[in-house]
Structures are given as structure tokens and as C-alpha cells.
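So the protein lines, in turn, are chains A and B. Under the numbering used here, the first residue of the first sequence is numbered 4, with each subsequent residue one higher. Under the numbering used here, the first residue of the second sequence is numbered 834, with each subsequent residue one higher.
Among the hints, a few may not be true.
[Claimed, not checked] Pulled from the structure, derived: some chain B residues nowhere near chain A, Cβ distances all over 12 Å:
no. : residue
1   : S842
2   : V844
3   : D846
4   : D858
5   : G859
6   : A860
7   : E861
8   : Q870
9   : D873
10  : P883
11  : E890
12  : S899
13  : Q935
14  : D939
15  : V945
16  : N958
[Stated by the list, open to error] Here are the simulated distance ranges between beta carbons:
no. : chain 1 : residue 1 : chain 2 : residue 2 : range
17  : A       : G303      : B       : G941      : 29 to 35 Å
18  : B       : A860      : A       : E23       : 54 to 60 Å
19  : B       : Q870      : A       : G262      : 48 to 54 Å
Source of the hints: derived by calculation from the structure; they are not laboratory data. Backbone N, C-alpha and C define an ideal beta-carbon position, used for all residues, glycine too.
These are the residues of each chain, in order.
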Amino acid sequence: MSAFVLGVGQVPFTGPTRVEMGDLGGAAARAAVADAGLTLADIQMAAVGSVYEHPSVGQRVLLRLGINGVPLVNVENACTSGSTAIIEAIRWIESGEADVAIAIGVDKMASHYSSGPIDLVDADDMFGAQGLTVPAMFGLLAEKHMSEFGSTREDFAQIALKNRTYAASNPYARFQKAPTLEEILGAPNIATPLGKFDCCANADGAAAVVLASESFARTHGDGRQIGILSAVLGGGHLGDRLFDDPMTPVSRRAYERAGVGPEDIDVVECHDNFSVAEFEAYERLGFCAPGEAQLYLREGKSKIGGGGAAFNTNGGLLGRGHPAGATGCVQVASVVAQLRGEAGALQHPGAKTALVHTSGGGVMELQSNATTAIVLSR
Amino acid sequence: MTKTMSELSYVTDRMFRPDVVAVVDGAEVLVGGECEQCGDVRFPRALACPVCNAAAESIHPRSLGSEGVIVAASRVDRAIPPFVPPFMLAYVEIGGARALGQVETDEGEPAVLIGRSCRVITGENYRVNEESVHSFRFEVNK
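All chains should be built: construct the whole structure from the sequences, respecting the hints.
Structure representation (C-alpha cells):
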């Protein structure tokens, strides 16, 4: 184990709120430290991820915590900002520079952007200048899969239904009522074949993860600590998401370093910013062969207790909402609850090993801005 | 065939960029880039070669031709201003590269477009302050 998760915490993800960004991050951090059974004085290093907040976001969060003088790294890495902050904290622990570190993710995306991810394209990009939106990129991905492999519009709707149904049992999720399949299929089209419910909504929110070295975890852990088997950050390159897969190489490296394979993974948090993105993840994270995601889905394998790896068990981005900087942290919090056996009604039986995958994009000439994969185990 | 900037006759009138469409033998062609060091071809012309790291001055404009094949398409019903939906977006394989652009078609379903041949045209992409901004587009061949 390169490091251990001792505590996780978050605030409820919401629509636009007047709560200050720093207060959101601070509340999540206090919850994570309390969950770890530590005090704020134990924190030796902080990494804070956000995308759309102002400069020095971490300093503004730590002001609310009374944490003074510890090394602080602010991270902006698109939607992987929170998971990159976690990896940064892990590296500090692995290097021996810190025994206890906290990764915090925060964003007020619902306050800043009212129309979901639609606005989030740089019109200076060649393809942004053609009218490409982020939903359209994933619509193209879905249309290509349908054409090549026989997946259907309803397959994507089923993922939206699954994740939004799970979110209804997660009190921290932005959406507490799941739509029906008919409502999903009948919702306004955004970019074919994806309708409104196939797209994640922005949210305001924050989450945090307390990490520690093995020696510190051994002496201070309460028996609920979860080990980090591997944590990999991959960079993007020129290309496009449809044809240049950013997920496979990063997840393979994470499996290899962890000494596990997809067959060992019980629970997955993947970056389901769109329903088809989870569908894509079944294949590209190695849970089924290319072109067979619809079979994995239709057999119910991605559901809790479905016989495969359960995906996005507390709602995913589709159901929780997406405060970009916080997403990587809340994904880790979700699988930590599973591995501890603390997920309540959303518990996947026998969860021992988990994968967290996060994708960041926005520069449309790149197949991704960044991709992360973290393998955890109890 | 690789052509230098000065050899290509670019379409610049109202275009959002002056270096993406040229006229060759009377036909509008898409202009990408080719790396003189490693031969990598892509659209748009890269700021540096992602294969061999050659600098921009080693990546030369290259005509990708006027004809391509649609490999993915989606009808966009929600867009960012100044774009006015609905419109069809498609990835087109053309001249050894892949380009994303809007498609002129009277066929409403994206699925029927995949595998179809198309040609490069130019036309209005959006308006800003009543001024027409043009871009390359693709027209499905009948």
C-alpha cells in the first residue's frame, strides 16, 4: 500500500447556493477529518482541486480550518482536479514529506453555469468553433457505438435510470427523485441520442479525503482505513475521444501497479458525465470486450449485486451532480463507503477492491485533458 | 501532395480562420498539416507535432482533398450561442486525417449518414453582430 484513506467527507451537492466556496470546502474537510478520528492539527499537507473558482482557492479553504503554514498545492486539471489533488497528496506521503495529508475538491459550478456542461467549450478551439459541445462529443461517441455494435438509445437510458435511482438513496446527491425510463426516453434531445437525463447537471459542492502513511495509519487508524494500491495520472494528447481512447492505458497501468485486474474489481466509480461515458467505461476499463458494453449492461452486471463490478453506486455524476473540482474526491468517498461496508441501502455485497476513474476534458483538440485511475482495497 | 502556404490559394472571405480551406483545381479542399520530419498528417495543422515534437515551422499545410467519408454524426439540439440549433455535426475521414464539422443534409437521422461520402464546402457558420462568419462544412453527396 502506498498510502491509506483514513477519512472522507462531503457536503450535500446542490443547485446554485449562496454559501461561500471556502465554506463548502471547509465543511467537507472538517467532515473528513472527523471521519478519520483525527484533528485538524494532524494535517501536514493539503492539496485542493477546483476548476472554476478564483485563484488561491486552497488558501481560502484553509482559512476556514485554522490550518496555518502547511504546504499547500492548488490543482486545476479540468474534471480530474479533485482526483489529481488526491494523487498529489499520495505522492507527498509516498515521498515521506508528509505522514498525513488532505485532498479537498470544491466548485460552485451550478452557480457559475446554469445550463449544465453545454457552455464548457472554448470557442477558440477549432472544433468548438464548429459548434461542438461536450454533450455533442459524447453524442457522437454514442452514435458511433450504435452504428458499429448495435447498442441502442434505450441502453444509454438504462444507465441514466440506474444511476439516478441510486442517487435517490444518497442524501448528499443533488437529485433525490429518479425519473422513470419513459421520462428519460421522452426528455428533450440535447445531442442525439442523448437527452436531458443522459447528461449530468452542474452542482455546487465539496468533498475531501484524508490520507496517511502506512505507519501513521497503523498507529492512528480505527480499523476502517482503506489502502491505496495504485494511483495513476495520465495526460491527454492530440486526438479525439471517439477514436483515441484515453482510458485504457491509464487503467491498465493502475491495474498493473496494483497487481490486480478488472476481474478483481468489485466496485467502480467512473466518470459518467454522460450515460454513454459509463457505457464506454465498461469496455475501456476492461470489464468487457470492445463492442460488448450493451451485453454487460443488459445482463445487469453493472448494478449493485448484479454479478459484475457495480458502477456508480451512489448516483454517479448523473445523479449526484458535478461540481468539477469535487468530483474526484466524492468518487473516492463513495468507494471508501463501499469497501468499509458503510454504504447502507446502496451496499454492494462483498466489496473488497475498487477502481475510481475520472476524466477531464475541455480542450477539444485533445482526446482528454487528463485521466486518472485509483485502485483501492480494504 | 504537400503544398506550402504560398502555393495554396486560401478561401479567406468571412472565414473564421484563413488557413483551413483552399481551392485546388476549382474545388474547395480542407487544409491540414503534414510534419516534414515524421510524415504525421492531421487536421487542424498542429502547433507542434504530437508524434516527433517537431516545431510548428516543420509542419506544412497540406491539402486533404475535397471528398471524405462520414464516420460518426449527431444532431445537436442544444448549442452555445452564437450557434443556432438544430444542426448536424460529424466526424469525417478525409485525406488521411479526421475532421469534425457541420454537415449540410436534409436527412434527419444521424445513423443514415455514417459511411456516406461528402464534400467540403464553405458557408455561414454563425452570425456575430449581424456579421456572417463562415467555416468549412461538409455536404453529403447524393
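Here's how the hints hold up against the structure:
no.	hint	verdict
1	S842	holds, 21 Å
2	V844	holds, 15 Å
3	D846	holds, 17 Å
4	D858	holds, 25 Å
5	G859	holds, 25 Å
6	A860	holds, 21 Å
7	E861	holds, 16 Å
8	Q870	holds, 16 Å
9	D873	violated, 9 Å
10	P883	violated, 4 Å
11	E890	holds, 18 Å
12	S899	holds, 18 Å
13	Q935	violated, 6 Å
14	D939	holds, 16 Å
15	V945	violated, 10 Å
16	N958	violated, 7 Å
17	G303(A) to G941(B): 29 to 35 Å	holds, 33 Å
18	A860(B) to E23(A): 54 to 60 Å	holds, 58 Å
19	Q870(B) to G262(A): 48 to 54 Å	violated, 40 Å
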